[in-house]
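Visitor: Chains as they are written, first to last, in this note's numbering: chain F, 481 to 730; chain R, 481 to 730.
It is possible that some hints are incorrect.
Heads up, the list lumps identical chains together, so a pair's fine if it works in one copy or across two of them.
Unchecked claim - 27 Å max Cα-Cα, derived BS3-like pairs, lysine-lysine:
(1) Lys596 x Lys566
(2) Lys614 x Lys513
(3) Lys611 x Lys656
(4) Lys656 x Lys604
These aren't lab readings, by the way, just hints derived from the structure by calculation.
So the chains spell out like this:
There are 2 protein chains.
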Amino acid sequence: MQRYFIEATQLQNDIVTIIGDDAHHISNVMRMKPEAEIICTVPGSSTVRCVLTNISSETVTATVVEYVENTNELPISITIASGLPKGDKLELIVQKGTELGASGFLPFAAARSIVKLDDKKAGKKAERWQKIAKEAAEQSYRHIVPTVEQPVAFQQLLNIIPQFDACIVAYEESAKTGETAQLVQTFQSLKEGTRLLVVFGPEGGLSEKEVDQLTAKGAKLCGLGPRILRTETAPFYVLAAASYHFELMG
Amino acid sequence: MQRYFIEATQLQNDIVTIIGDDAHHISNVMRMKPEAEIICTVPGSSTVRCVLTNISSETVTATVVEYVENTNELPISITIASGLPKGDKLELIVQKGTELGASGFLPFAAARSIVKLDDKKAGKKAERWQKIAKEAAEQSYRHIVPTVEQPVAFQQLLNIIPQFDACIVAYEESAKTGETAQLVQTFQSLKEGTRLLVVFGPEGGLSEKEVDQLTAKGAKLCGLGPRILRTETAPFYVLAAASYHFELMG
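Could you build all of it, start to finish, from the sequences and the hints given here?
Guide: Put into structure tokens, the structure is as follows:
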């Protein structure tokens, strides 16, 4: 069933009102007819199954049939902090990371990031990433849309670490030396509702200085198995492992 | 350190001889000089660290310094059977799946596969996929290059199931109904050195008939958490979960 995110104000007295792009999508792209059903989610609040009553390309109205339980979110909240990678890799990280359950994305300018974004470019990029997150969240039946921040300086990344319950750094050298315990220990230490920040380097990895600064703030270095993962693959590993640990082994 | 796969015949009496594209890569792309070190792997056999002695764009020779232990392979062998997806998604599956430790890839023509490949096209595609697997295997420090088969008919997929110790089917309906135990149970039942086949549908999923035929052959249906994953994302989940289970928790 097609899914759409709506604002709280669009759901009143069990009537949903959809406007803008989503109305266009329902009427002109999907060509849905009255009595067709859709799912609408107010992020972080209700999810409703509803039946379409009136359809035009400007406004679609629908009547709620059922309030659906929200059980599709990972028990812990995981924010992916990615050292700005090359090309459109961050788009892949945001799309697949959203499917795999990330709560948010925080790109940062790492010492070895080759891409430099000025404020104007960064704003445009962040807008595009946010759109990708919304579409992937709808497609994967998420109940929230992960937030994608504008790229921050490394110092700002250090400053926000204390806002999280735990912080781990995916570190290639840990993988090479066979470190295997940290990710399991971290997951075991985190209770439902806690917040985890996971930091990934750009293509060249984090610099030694960056690693030292992160660990000085309490971050733990963490291996992700013996194979060397690309910068865009490592977040998928952490998110899938979190789902396996908290949702399947449970 | 740069890594190359070589044939068994290229390693004799602790001398490695590299020819062709890899010799060109060492001499002209990386511009390495004598005394530089590289790692060479005979797939499924030895991995050696060696020091370059002679370099030309046609032939490079190197002397073995150390035999390196092969510990980078997943304890169980996992073959990814993907219902042929659209566009270049299979390239992404092969690249990232190789980084994440897959042993092989077997594309198959599913009832809902939109792409149809004739033999000539299929051969060309398989060649390209195999090249992607080789590059990803080098980059991620694998000790084998996963095999990528030419796409097979669904009936052939059914026929090879008995060659594996276990077969699971990633099934969207299992995810929707909250099935969470099968993947964990399957991993727990598999000992080191066993072979697992994992079947994924194309974009529209597997048909009911296909699912029935697979389960009739002993395949188990399996959920991958509550979020609906795209056809190219689901294999990453299974491989990362396998690494978490066998390599980090192990």
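Visitor: Compare the structure with each hint and give your call.
Guide: We went through each hint and held it up to the structure:
Proximity of Lys596 and Lys566 under a CA criterion of 27 Å is satisfied intra-copy only: 10 Å inside one chain copy versus 33 Å between copies. Taking the closest pair of Cα atoms, Lys614 and Lys513 come within 27 Å of each other only inside a single copy of the chain (24 Å); across copies the shortest separation is 50 Å, beyond that limit. In this assembly of identical chains, the alpha carbons of Lys611 and Lys656 lie at most 27 Å apart only when taken from different copies (25 Å versus 36 Å within one copy). For a Cα distance limit of 27 Å, the shortest separation of Lys656 from Lys604 qualifies neither inside one copy, at 37 Å, nor across copies, at 35 Å.
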